[in-house]
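Peer 1: Take a look at the letters that make up each chain.
Number of protein chains: 2
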Amino acid sequence: MDANPVLAETIRGNWVENRHRGAFAVIDADGTIIASAGDIERAIFPRSAIKSMQALPIFARHADEKFHHTPEELALACASHHGEDVHVTKVAHFLDRMGLSVNDLECGAHVPTNPAAREAMRAAGGEPSALHNNCSGKHSGMLSVALAMGIPTAGYVGREHEVQKQVRAAVEAVIGEPLSEGKCGTDGCSIPTYAAPLRAFAFGFARMASGKGLTPEFALAAQRLFDAATSNPLLVAGTGHADTLIMEAFKGRVMQKIGAEAVQCGAIRNKGWGYALKCDDGNIAASQAMLAKVLLEIADPDDAQRKLLEGYAHQTIKSVRGAEVGELRAV
Amino acid sequence: MDANPVLAETIRGNWVENRHRGAFAVIDADGTIIASAGDIERAIFPRSAIKSMQALPIFARHADEKFHHTPEELALACASHHGEDVHVTKVAHFLDRMGLSVNDLECGAHVPTNPAAREAMRAAGGEPSALHNNCSGKHSGMLSVALAMGIPTAGYVGREHEVQKQVRAAVEAVIGEPLSEGKCGTDGCSIPTYAAPLRAFAFGFARMASGKGLTPEFALAAQRLFDAATSNPLLVAGTGHADTLIMEAFKGRVMQKIGAEAVQCGAIRNKGWGYALKCDDGNIAASQAMLAKVLLEIADPDDAQRKLLEGYAHQTIKSVRGAEVGELRAV
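Top to bottom, those sequences are chains A and B. At position 153 of the first sequence the residue is numbered 319 (my numbering), and the sequence of numbers has no breaks. At position 210 of the second sequence the residue is numbered 376 (my numbering), and the sequence of numbers has no breaks.
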């Protein structure tokens, strides 16, 4: 198997220290490749980068008609949130509104992703609950689907549960590829994740951004989800995170979502282009450098947006004493 | 530039998620390559993996005659210690014995690497000092060199300070390659780090293990340093760390040292073989999987040693709820 190209590297002093390989595709809804690097047909696990696709059954199964999800709740359904108070409070309220609680979440508990929130919890002697899990919003959305379908919520994370079948069908419909038990794993939050070609995820985001090739129902659902996420970027990630800052800076024009192990997916909404990127070795910071370079080239950034992206494309490495000793940079 | 081979990968469910490339060399003191993979002539930053080489001026400049370093102090000079009480106490005593203190260390302060030590410090409301820096033992050794040379210690981390010139000369003598300002950076602890071919570091460890090709003075110094490190594996890293566990398990037969950004160097002492390994992307866990596979193949492990190494060659990946969902494995 050929190696993907080096798309990011770290420099220490005047010599390369680390190399990060990867692939990306930028595609329109007709399947035309706008830009790409590496093997875009290799199947990757999209992980949390496609939470907006996984949220489509909220509309397909009419959970939205039953619960009238707010834009904030839809944003949380698309989120890998950082467990800050704002996230935890809103997810708890979302569940409460459906007559559910933290006890119905099957994602497991982990400490908040946000360092300040983690520190505050520690200082208060608190313990994390499933509400703090970065996926608790997505899980709440999945629970709303189960309730709308009138089926038991217990076991909703299982591959054979009707909710996950609905999620799988929605993703297949959007990316235009069958998903297979032969390329399947379990995500950190216990739901199934299916690998598919990198190209297909970019294509799916282009279709969600443009509505082209989707049923009118899915096209509208995709627009509502992208509107919700890009209008509430703090809820989709957290304070200071790249996804939040990028979506804030692009004021609705860019949908951006990270996935575990260095996946980056999103859309340039005004152009109807979708993109998908994976750093082969799972390094998040390197994938953000790669993403920044792609967005610099395809997203027509203004000065402020460019400045933000340049900060990810060139990340300073410091010594313990704080001296600049190198950088992680996109190449 | 050709890509190094994939030497480790992560599997999620039944599909590959991440790929880690790298190179390694196992060499004897005559320069014969016992085993290798990838581009072993590519210059890499050895970082902390060659602290035992960097400690040689303690002997070359007769600091050992002045201060009579204990084996524990020599082990700390070769260490990336984890900031546990045992490390901090012994480094403080080492400095005190030389009429120095934490204020003379120029490595900077960071929280203990060991999670329990970090937690205890946090619970006690303590602040880390330079003693907790994983390099404080190496720095103390370097300070001993400055004192033995009768020169000011201030600025001993600088590239032009006589201590660092001595360190550079010792490394050059052992690896048999000139080091260059053209391939130089600053380590996290503020001292210079020079890149050189991966092969040369393996060769240097073979020469230190066997004494072959070294001056009698360096041969003896290398033996004392390896004896000290392998007799005090807890001081060289910390509780539960691979380096500590591997050196404990091999009872003096294997010298093993990690370096930042996924470098692994060491020696099979009874065979006189040195090895050096670098994971291209800087992933520590992947480099430990690669290292484990190399040691399984070349170090003649007994059953207990094999079991330990297999645990690094196959590292379980769990979901937030603790279910096994994949593994990081050497390939």
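Hints in this document: simulated from the structure, not taken from any laboratory. Some hints could be false.
[To be verified] Chain B regions said to be covered by chain A (calculated; three or more residues, Cβ under 8 Å): (1) 217–231; (2) 238–252; (3) 270–276; (4) 324–330; (5) 346–353.
Here the structure is a predicted model, which is why all the values come from computation and not from measurement. Even for Gly, the Cβ is constructed at its ideal location relative to N, Cα and C.
Peer 1: Indicate, hint by hint, whether the structure satisfies it.
Peer 2: Going through the hints against the structure:
Proximity of the segment 217–231 of chain B to chain A, defined as three or more residues with a beta carbon under 8 Å from a beta carbon of that chain, is not established by the 0 residues found. Proximity of the segment 238–252 of chain B to chain A, defined as three or more residues with a beta carbon under 8 Å from a beta carbon of that chain, is not established by the 0 residues found. Counting residues of the segment 270–276 of chain B whose CB falls under 8 Å from any CB of chain A gives 5; the rule of at least 3 is met. Note: the segment 324–330 of chain B has 0 residues with beta-carbon separation from chain A under 8 Å; the three-residue rule is not met and the coverage is violated.
Figure legend: the segment 346–353 of chain B, annotated as covered by chain A; annotation consistent (6 residues with Cβ-Cβ distances under 8 Å, at least 3 required).
Of the numbered hints given earlier, the model fails hints 1, 2 and 4; all others are met.
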